[in-house]
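Asks: The residues making up each chain are set out below.
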Amino acid sequence: MTTRIDTRFAELKKAGRAAFVTFVMAGDPDPATSLEIIKALPKAGADVIELGMPFTDPMADGPSIQAAGLRALKVGMTLKKTLDLVRGFRKDDNATPIVLMGYYNPIYIYGVDKFLGDAKAAGIDGLIIVDLPPEEDDELCLPAMKAGLNFIRLATPTTDDKRLPAVLANTSGFVYYVAITGITGAAAADASSVSEAVTRIKRHTKLPVCVGFGIRTPENARAIASHANGAVVGTALIDALRNSLDADGRATGKTVNAVAELTAALAQGVKGAQQAAE
Amino acid sequence: MNSVKPNSYRSGPDERGHFGIFGGRFVAETLMPLILDLEKAYTEAKADPAFQSEMNGYLKNYVGRPSPLYFAERLTEHLGGAKIYLKREELNHTGSHKVNNVLGQIMLARRMGKKRIIAETGAGQHGVATATLCARFGLDCVVYMGAVDVERQQPNVIRMEMLGAKVIPVQSGTRTLKDAMNEALRDWVTNVHDTFYCIGTVAGPHPYPTLVRDFQSIIGNETKAQMQEIEGRLPDSLVACIGGGSNAMGLFHPFLDDSTVEIFGVEAAGHGLTQLHAASIAGGRPGVLHGNRTYLLMDADGQIQDAHSISAGLDYPGIGPEHSWLHEIGRVNYLSATDDEALAAFQLLSKLEGIIPALEPAHAIAKVMELAPKRAKDHLMVVNLSGRGDKDVPQVGDILRGKSK
Ligand SMILES: Cc1ncc(COP(=O)(O)O)c(C=O)c1O
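Just so you know, the sequences run in chain order A and B. Heads up, the first sequence is in this note's numbering, so the first residue is 1 and it goes up one at a time. Heads up, the second sequence is in this note's numbering, so the first residue is 1 and it goes up one at a time.
Simulated from the structure, these hints should not be mistaken for lab results. Some clues are possibly wrong.
[Stated by the list, open to error] Each pair of labels, with its calculated beta carbon distance range: (1) B/Asp194 - A/Ala169: 29 to 37 Å; (2) A/Lys13 - B/Lys5: 53 to 61 Å; (3) A/Asn243 - B/Asp194: 30 to 38 Å; (4) B/Val393 - A/Leu142: 50 to 58 Å; (5) A/Ala169 - B/Gly272: 24 to 32 Å; (6) A/Ala169 - B/Lys5: 53 to 61 Å; (7) B/Gly232 - A/Ala169: 53 to 61 Å; (8) B/Pro169 - A/Ala10: 47 to 55 Å; (9) B/Asp194 - A/Thr217: 28 to 36 Å.
Even glycine gets a Cβ: it sits at the ideal position worked out from N, Cα and C.
Generate coordinates for the entire structure from the input sequences, incorporating the hints supplied.
Replies: Have a look at this one:
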């Protein structure tokens, strides 16, 4: 089964460049602005959109993404409304892959089978669920694959060669290499250690490898994108969004542009990267 | 209640850490290799007689075990029913049962060559126990504590600092135990190479619920032997309070297969079960948080709800996974006590027995006040007095003088 993710990475490979993957939180700072933001992302140069599913207890996220999730929850965001948001986006864009990223509990409570059906129907292509390692594949990974959704796994600096095959076994779409041990928004990894890690992962898989955590500037993005099939930016975009809000945390006339402008600058960084030979 | 009974209630978890549908290993990939290492180290340590004998030495001479099983004569008379025994965990060094588990985990950390210890704490008892053993063994210690709890459990914050630990007030989320646990997990994910996460209750990803239970089972094992010596038989019932459930599991587990023993866990009903509370079994349903599937307080969207209890140590929206299983299978009865009931029990025990309990086990005493009068005079009831009330004296003093609520 070919998903929009597979198609997008095939196109990028042909074009000889890395993917620019953006992360924003669904419903942050409110559902209507959030829809405008995700619509603006591809126009500003995003190749893949990761959409955070708000959760009260995001154990692997730093303060920026925690706050983004809480802003969304405060205005009543739910998993169902996240799916609505994607449905709204799909009205004008049927090509940009959308990956939902978050934690398992809201999906478990929604009901796994119902969720997979509704997500597929809404136009979602893949899932990244932080607290579902391969040891828990029965929960969602295997059912998701059956439902035609990519289950994108995180590989980390603690995932050694012995463990990598287990991590990659049921992974599809791409592999997300978490460049540091730590939470989102922490310090950046240096390009040489990333390059080493990507090479190591590629010995075990033909899937594209995207790298995230700690990429904030067009220069970071360029450096990482020269060693990987994609660079993921989240916290920096969310910080730009937050800085555009009014004192009560509400969207202003600047909010959508603030995210779009940084996206465009980062996209330039990614596009300036020399793709390492495969 | 399930109609199919297992051959034994004590055989869990399975190799993937499941008690029925509960438990598991719901953690970020970064942590997965660490919990696999921990499981391996624990399995090896369990099989090593030197580990057990070293631990026994510290349990006896440092912790002060065995803790007495004390016949609470005046409480028994006052309630006019069951014969009530208190398992005196509050007499342990550091003032609660938490030290039993911390000793085990710190010895494991030493075996694993880890030099930096992190912990979450609610009431501060687990934090104090961790800070104490880190001082004893020369390890770095960082304790995460919700900012609300830092405020209401000041004596323990001061103790931890005196013991050389760094206490980090957690400002995120509801600023209580659940957020302290989130923050400890964030630290662990960041400092994987040198850090050991010392979890304070029977929750978290496998193997924590099992290893904490095993280290706490000394409570039940001693109780069994002591009751045999005093009364020549098994107790008829056991009562313990439940935050995550470690003092309860420690008392209950050795008795699970003794079918004549009635077992009661007491959750915190806060302002009442229809208002803010911390009773995950009474008011929650199965979900996934902090590495395991278990009963949780949450809304229709699966967002975790604020818990409330007067007692910082019970103020948690979840419960250990083995308790969730024991509830579903019907082996343990889960009750709940409100803030006001706990306060009344706190005062009653202080006045009748000269023992000021912590607010956490005051919840267990509150249910003893209901259960004991309905039992015959030869009914033997054991309550786990999991901790002493010194830490709560300022907070309860303020409440009783009408200064705060
Ligand atoms: C004295 C005491 N009892 C009970 C608890 C609750 O924890 P658990 O349910 O794991 O025993 C605490 C937690 O802080 C405590 O300090």
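Asks: Run every hint past the structure and note whether it holds.
Replies: So, going through the hints one by one against the coordinates:
no.	hint	in the structure
1	B/Asp194 - A/Ala169: 29 to 37 Å	holds (30 Å)
2	A/Lys13 - B/Lys5: 53 to 61 Å	holds (58 Å)
3	A/Asn243 - B/Asp194: 30 to 38 Å	holds (35 Å)
4	B/Val393 - A/Leu142: 50 to 58 Å	holds (54 Å)
5	A/Ala169 - B/Gly272: 24 to 32 Å	violated (49 Å)
6	A/Ala169 - B/Lys5: 53 to 61 Å	violated (37 Å)
7	B/Gly232 - A/Ala169: 53 to 61 Å	holds (57 Å)
8	B/Pro169 - A/Ala10: 47 to 55 Å	holds (50 Å)
9	B/Asp194 - A/Thr217: 28 to 36 Å	holds (30 Å)
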